[in-house]
Amino acid sequence: MKKTFLFVLIFLFACARTYAAGTMRIVSVTPATTEIACALGLENELVGVSTFCDYPPSVKSKDKIGSFSDPNIEKIIMLKPDVVLATGLEQAQAVEKMRKLGLNVIPVEPDDFEGLFRSVMEIGKACGKDKEAAELVRDMRRSLDSIRTKVSRTDESLRPKVYFEIWNDPIMTAGKGSFIDEMISTAGGINIADDTGRPFSQFSAELVVARDPDVIILGYMAGGKSAAGSVGGRIGWGGIKAVKAGRVYDDIDPDTLFRPGPRLIDGVKALNDRFYK
Amino acid sequence: MGALEVKNIVSGYAGKTVVKDISFDAAEGEFIGIIGPNGAGKSTLMRTISRVLRPESGSISIGSRDIFSMPQKEFARSVAFVSSDPAVVFPFTALEVVMMGRFPYIKMFGSESKEDMEAVERAVEATDCAGVISRPIDRLSAGERQRVLIAKALAQEPRLMLLDEPTSHLDISHQVQVLDILKGLSGRKITVIAVLHDLNLAAEYCDRLVLIDKGLVRSSGTPKQVLDYNVIEEVYRTVVVVRENPVSGKPYVLLAPGSKKGEDKQGSGKK
Amino acid sequence: MKDIRNTIEARKKKAARTAVVLVSLLIAAAFVSLYSGAARIGLFEPLNVMSKQILYMRLLRIALAVLVGGGLSVSGVILQGLLRNPLCEPYVLGISSGASVGAVMSIVLGAGGVFIGLSVLPLWAFVGAAVTFLAVYRTAEVSGRVPIQNLLLTGVIAGALLSSIVIFIVSFSEREALHSIIWWLLGNLQIFDGGLLAFVAVMVAAGTAAAYVFSNELNAFALGEEEAAHIGVDTERMKMVLFLTASMITGASVAAAGMIGFVGLIVPHFMRMIVGPDHRILVPSSFLAGGIFLLVCDTAARTLMPPAEIPVGVITAALGAPFFIYMLRKKSRL
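Protein chains in written order, with the numbering used here: chain A, 1 to 277; chain B, 1 to 271; chain C, 1 to 334.
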């Protein structure tokens, strides 16, 4: 008797939630897809997000389906989603599993802006927001074009050489084929590591000295210390142009650099701003 | 006043007293055999005399000095220990192992002095292992290895040498060889205390025997006194016959197979 | 007498010969390493400000490689000797896992912008190593004694526990921090901090000196712990001193360079095959050989795929694993 009562209660509760969430039920297991979904006006349709999803801030109060690297598939199934937004690379196994269980999974793994635009269109299509997706892509293209125009008007010899540090111990940078590399060149910089064959790798510290960048961007917080101080304090790095000119920056929100979503435009703008200060 | 004095030793392992009350002493140059059945407490006694175990009560002294108040190196210069078969894991040569016996004499940073070399040489000579000293210890036969380990103990130039079943892995000829070496030490005023399993070899070589049973000294004295068939039958629960070796005049113990001593008979023996 | 004197003479000769060979090899390796790198600097080129800086950076890195390689090897010698197990390596007591937990905490907290600074991570790693050692040693203690088997078991369990803590932290950390932890764990000899290098130098030098001073004691431990006591080694004190020494060296190495595998395992082995088990020769020659080995590996790591660098642990494993298997097979045939 008691059990039946409990069941009814849970059922009612579940119904109420379904009702409140609207018609479409979307689960997003990556911060980037969460941002894209929200930019398409799907915030109310999101019924579950990962613990890493923190933008826009309102999504933090959504149901959590586990972490980015370890999504809880049972939890996702219980949310009865119409669409699951995921990434194809780190979550390949989970995507495979969810598909076997009959879920409609959209894995996106863009590694350049064109890929990102395709992902946006794909998500828009799957969630019935084709029009909004097309609009978002158009806006993003427009913003990028305006930056490109601005860059093309400056003299090529004024383009700064840029060293982008993803991590400091060991020092790691972004090479050819990475989003960061494309963002640097779009923002009008020359990536000193673009002859590195792989998107992410440990980089030769002495080569940073030898290639003498005009600007250094840290993709992480230098923590307490001034960014220029923390990099300039490295043995051998004191003579680098960027250090001498105080052009070491750690003040760009890493999420606008590493999260393949609409805010990458802000990242490119921020880079462009640091390059031509 | 003997070279070694063991007084009312109570010893054992955490929560288990094995040696319940053992006293005996040994004079300079004496060869004493410790005998007794398995589990009697012989090894525990030896581990206590060699300071591996600390006794719960009682005292052990060498030349009237309490051994537990001696610094480690000084103790190693007075007492050497040969265990039944330690495994040497790295391929040290036999000579290197013998030289380790000089450890308590070598100062930090110091190299071997002339005295060290002479002591090693005497030890190698006394144990007759000159032929094997350049070979790795792990390639020696059991008999050769035992002689090398005795040489190492001799290199310590001890006054007292303790051996726990030094012959247990050896065939008869090697047993005799090892015991002859030990017997010869009395000439160098080294007191030898050895746990021996073979009662006949013990009787043949030892000046005195200490028979241990259930953590207590059952009897001690000359082989003739200790190897009384009543006592041996009771302690070992086996029917034996004791006779005299016509060559050496020492007692020897014969087994009477098939007639295992029963509880009742043992009881009657006590009367 | 003649035999004995000859043996001692031979030992001294062997020590001198080994020292000459290893020191020349070390100098040669250092010279080659100094003039190889992603940035090209010709041997006869006049030096400008920049190439001076680069050579200086390489010099520091060479110093770190030699210190860490030599240190890990000496640590391996000590642990293999004390634990009487030639398969032991510097990471067997869980020290490195403790260092990893410290490093990971510093990265994770630093990613939140709380603690990080350039030399904070090594500091955390070293504290992690030290705390782990003390905890393991105290746990293994039974009524004033530390049985070696207890210590080994406690260390292995602590290592497993701490590794799972690292995995736990990693699985709950942000994506970039996660990547960097994995890279850090693979080990690298990048050095930007003179203070850190000095710290490693002091720890490794003190540790190697201690191991050398107590090489007779280490020899005695080869006979077994009780046997060592019988020839006059104060075993409990020596174990404390030597385990502490090995842990301090390992802790400092891991703190500065992450977990670089195989060096501390194969170098002592290899040198034991060449110079024999006597620690009076084994300790200093393992230090030199370990330094040479890691220096060569690191030079390969930073020059094989320019401008990218290969994690040096990948190279030591690539060279070390086949060698180790070969040795095991050879040994089982004996």
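By construction, these hints were calculated from the structure, which means they are not laboratory data.
Glycine is no exception: its CB is placed at the ideal position from the N, C-alpha and C atoms.
Watch out, some of these pointers could steer you wrong.
[Claimed, not checked] Using 30 Å as the maximum straight-line C-alpha spacing, the simulated DSS-like pairs for lysine-lysine come out as follows:
(1) C:Lys330 - B:Lys114
(2) B:Lys183 - C:Lys12
(3) B:Lys250 - C:Lys12
(4) C:Lys12 - B:Lys73
(5) C:Lys52 - B:Lys114
(6) A:Lys244 - C:Lys12
(7) B:Lys224 - B:Lys183
(8) B:Lys73 - C:Lys52
(9) B:Lys189 - C:Lys14
(10) B:Lys107 - C:Lys12
(11) A:Lys161 - C:Lys13
(12) A:Lys176 - A:Lys277
(13) A:Lys161 - A:Lys131
(14) B:Lys107 - C:Lys52
(15) C:Lys12 - B:Lys114
(16) B:Lys114 - C:Lys13
(17) A:Lys125 - A:Lys269
(18) B:Lys214 - B:Lys183
[Stated by the list, open to error] Pair by pair, the computed Cβ-Cβ distance ranges are:
(19) C:Asp234 - B:Asp138: 22 to 30 Å
(20) C:Asp234 - B:Lys7: 42 to 50 Å
(21) A:Lys64 - C:Phe31: 52 to 60 Å
(22) B:Lys73 - C:Glu9: 21 to 29 Å
(23) B:Ser64 - C:Asn85: 38 to 46 Å
Status of the hints after comparison with the structure:
| no. | hint | verdict |
| --- | --- | --- |
| 1 | C:Lys330 - B:Lys114 | violated, 40 Å |
| 2 | B:Lys183 - C:Lys12 | violated, 37 Å |
| 3 | B:Lys250 - C:Lys12 | violated, 52 Å |
| 4 | C:Lys12 - B:Lys73 | holds, 26 Å |
| 5 | C:Lys52 - B:Lys114 | violated, 54 Å |
| 6 | A:Lys244 - C:Lys12 | violated, 55 Å |
| 7 | B:Lys224 - B:Lys183 | holds, 18 Å |
| 8 | B:Lys73 - C:Lys52 | violated, 55 Å |
| 9 | B:Lys189 - C:Lys14 | violated, 39 Å |
| 10 | B:Lys107 - C:Lys12 | holds, 18 Å |
| 11 | A:Lys161 - C:Lys13 | violated, 58 Å |
| 12 | A:Lys176 - A:Lys277 | holds, 25 Å |
| 13 | A:Lys161 - A:Lys131 | violated, 39 Å |
| 14 | B:Lys107 - C:Lys52 | violated, 48 Å |
| 15 | C:Lys12 - B:Lys114 | holds, 16 Å |
| 16 | B:Lys114 - C:Lys13 | holds, 19 Å |
| 17 | A:Lys125 - A:Lys269 | holds, 28 Å |
| 18 | B:Lys214 - B:Lys183 | holds, 28 Å |
| 19 | C:Asp234 - B:Asp138: 22 to 30 Å | holds, 27 Å |
| 20 | C:Asp234 - B:Lys7: 42 to 50 Å | violated, 26 Å |
| 21 | A:Lys64 - C:Phe31: 52 to 60 Å | holds, 57 Å |
| 22 | B:Lys73 - C:Glu9: 21 to 29 Å | holds, 27 Å |
| 23 | B:Ser64 - C:Asn85: 38 to 46 Å | holds, 42 Å |
Violated hints for the displayed structure, listed by number in ascending order: 1, 2, 3, 5, 6, 8, 9, 11, 13, 14 and 20.
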